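Protein chains: 2
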Amino acid sequence: MSQYEDRQRKFQQAVENKLSAYIQEDKVLQSDVIDAMRYSLLDGGKRIRPMLTLAFCELCGGTEEQALPFACAVEMIHTYSLIHDDLPCMDNDTMRRGKPSNHVVFGEDTALLAGDGLLTMAFEAILQPDTVACCGAERAVRAAYILAREAGVYGMVGGQQIDLMSEGRQIPLETLRTMDEYKTGALISAACCMGCIAAGGSDEQVSAAREYALALGLAFQIIDDILDVTGDPEVLGKPVLSDQKSKKCTYVSLLGLDSARKLAASLTEKAVKALESFDGDSRFLKELAVKLGEREN
Amino acid sequence: MSQYEDRQRKFQQAVENKLSAYIQEDKVLQSDVIDAMRYSLLDGGKRIRPMLTLAFCELCGGTEEQALPFACAVEMIHTYSLIHDDLPCMDNDTMRRGKPSNHVVFGEDTALLAGDGLLTMAFEAILQPDTVACCGAERAVRAAYILAREAGVYGMVGGQQIDLMSEGRQIPLETLRTMDEYKTGALISAACCMGCIAAGGSDEQVSAAREYALALGLAFQIIDDILDVTGDPEVLGKPVLSDQKSKKCTYVSLLGLDSARKLAASLTEKAVKALESFDGDSRFLKELAVKLGEREN
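As you go down the protein sequences, you meet chains C and Z in turn.
For the first sequence, counting from 1, position 156 maps to 155 in numbering that gives the first Met the number 0; every step adds exactly one.
For the second sequence, counting from 1, position 37 maps to 36 in numbering that gives the first Met the number 0; every step adds exactly one.
Only chain C is shown next, with the shape it has when bound in the complex:
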């Protein structure tokens, strides 16, 4: 196993354990909504966002213990957004990560509440006395504020609204970029910045983490669009050319394949360059950016 894979596994394991501890099975009157939250939160996602939080905390000289509640909070927000996104009134997706979507299993009403519960629990995790005792009130406030801002109407929720309004329409490149920066970049940015904050990193480090995150997030999205055109359906695990069929505006449709590839490469480079602001060992984060840039699924 490479050093990268070794660290990845270590981060992921820490996140799985902590997430599972936050929402324990409970024989209470409202146990259905707790089961629904666990169903989506503990479903073996890749945990990219919480890994970023842990890696940036380590890079700034902090401990895993300091960053774990922040890392889990980001994953709770990500998970709630997937549950709400899959609902019939949004994308109406009946499958997620190879399993029936939350509302298919638990019903729309409980799925809606499970999303609300996870969104709320994210803040509970950051602000609860144990966390504050470990990282101090100042850092807890700063982290939770960034998370709220980046997840809100001028962040993730705003991006989802732009997505709703762009459906089936021709949109300019600028709108596509704003949408993706809000919809995907904002939460990745929160993940990275909160890692620095957990460790007591400087404002410059938080800014550099944000730069890394936004470049990474956008590169990720562009590569998604490229793979939809050039990918192998077997390797991707989903059908290709779906954007073309649904007449969706993408980086490929707006820029062409070549320019889209160049843009993704330059963004990966930008992400890697942002890591130069840190004195610590940034090899993991560098490799993560490069791997996302080269991925085939």
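Do not rely on the hints blindly, as some may be mistaken.
Put simply, identical chains are the same to the list, so a pair is met inside one copy or across any two.
Said to hold, decoys possible - Within a straight-line C-alpha distance of at most 30 Å, the following computed BS3-like cross-link-like pairs (lysine-lysine) qualify:
1) Lys-246 - Lys-26
2) Lys-246 - Lys-290
3) Lys-272 - Lys-45
4) Lys-261 - Lys-285
5) Lys-285 - Lys-45
6) Lys-247 - Lys-26
No wet-lab data here; the hints were simulated from the structure.
Small disclaimer: the values here were computed from a predicted structure and weren't measured.
For this one, chain C is given, so just place chain Z on it according to the hints.
Relative to chain C, chain Z alone:
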């Protein structure tokens, strides 16, 4: 105008102004979700929860400025819960406070996002630098934590789930009480406790505020049930005997009218008694409890 009405108007005006400042109209790509949030947040609700926050802050010797962000945060949570509750997959209510429900005007997808946006903004309001500069990081953390806990699966969201699971079923009194304590009491409790916290109140004061809140919340619910049987539809502004028609378990159906009345009166008394823990002038909060106990709509 009585002194009570005078204070009520002053509190309400402060809340309206601040709420409106939090979500300003904005000509951005996602302006629809911002409009949807404003539509429900600024619709002239009674503002009982934020008034409680302001009154408890004042009672503990704090200023309006310290409590206003907390007060607005509670109202944002209350409003998001109404938007999500009205959705077709929940209660499917097409009217709210005499206006079409959020999803009727903006569509289900935007209404869902408006709820998510308001829930997220509640934490942004408490944790943003302006608020923290005014009340300090310790109080902001404590207040936001209480709000998250009381709004979550062991609070409001949990109560809504119990409600879903009780629909059309005979439930024991204990379940009904737990449901109402979670569904209504928890957020009222957060409102009262956050007021004390804004002012730097003691743990004893926070506990007394919680006692007041839970008694008030339950009394409110019992009186709702009583009015559904004894009320005048003209004064109530809604049809009566709706619980009986839908075979809903209520305090009246489980206890009988007389015992329900006695329980409500003893809870109002309990709320008033909890105010004795405070040295300050608690007349407003006392009158609020008594008025809620005597209300006819």
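Quick rundown of the hints versus the structure:
Proximity of Lys-246 and Lys-26 under a CA criterion of 30 Å is satisfied inter-copy only: 27 Å between copies versus 47 Å inside one chain copy. When the C-alpha separation of Lys-246 and Lys-290 is checked against a cutoff of 30 Å, the pair qualifies only within one copy, where the shortest distance is 29 Å, while the shortest distance between copies is 59 Å. In this assembly of identical chains, Lys-272 and Lys-45 lie within 30 Å of each other by CA distance solely inside one copy; the values are 24 Å within and 53 Å between copies. For the identical chains of this complex, Lys-261 and Lys-285 are intra-copy neighbours only, at 18 Å inside a copy versus 68 Å across copies, given an alpha-carbon limit of 30 Å.
In the homo-oligomer, the alpha carbons of Lys-285 and Lys-45 lie at most 30 Å apart inside one protomer (17 Å), although the nearest pairing across protomers, at 53 Å, exceeds that limit. Taking identical chains as interchangeable, the C-alpha atoms of Lys-247 and Lys-26 lie at most 30 Å apart only when they sit on different chains, with a minimum of 24 Å there against 45 Å within one chain.
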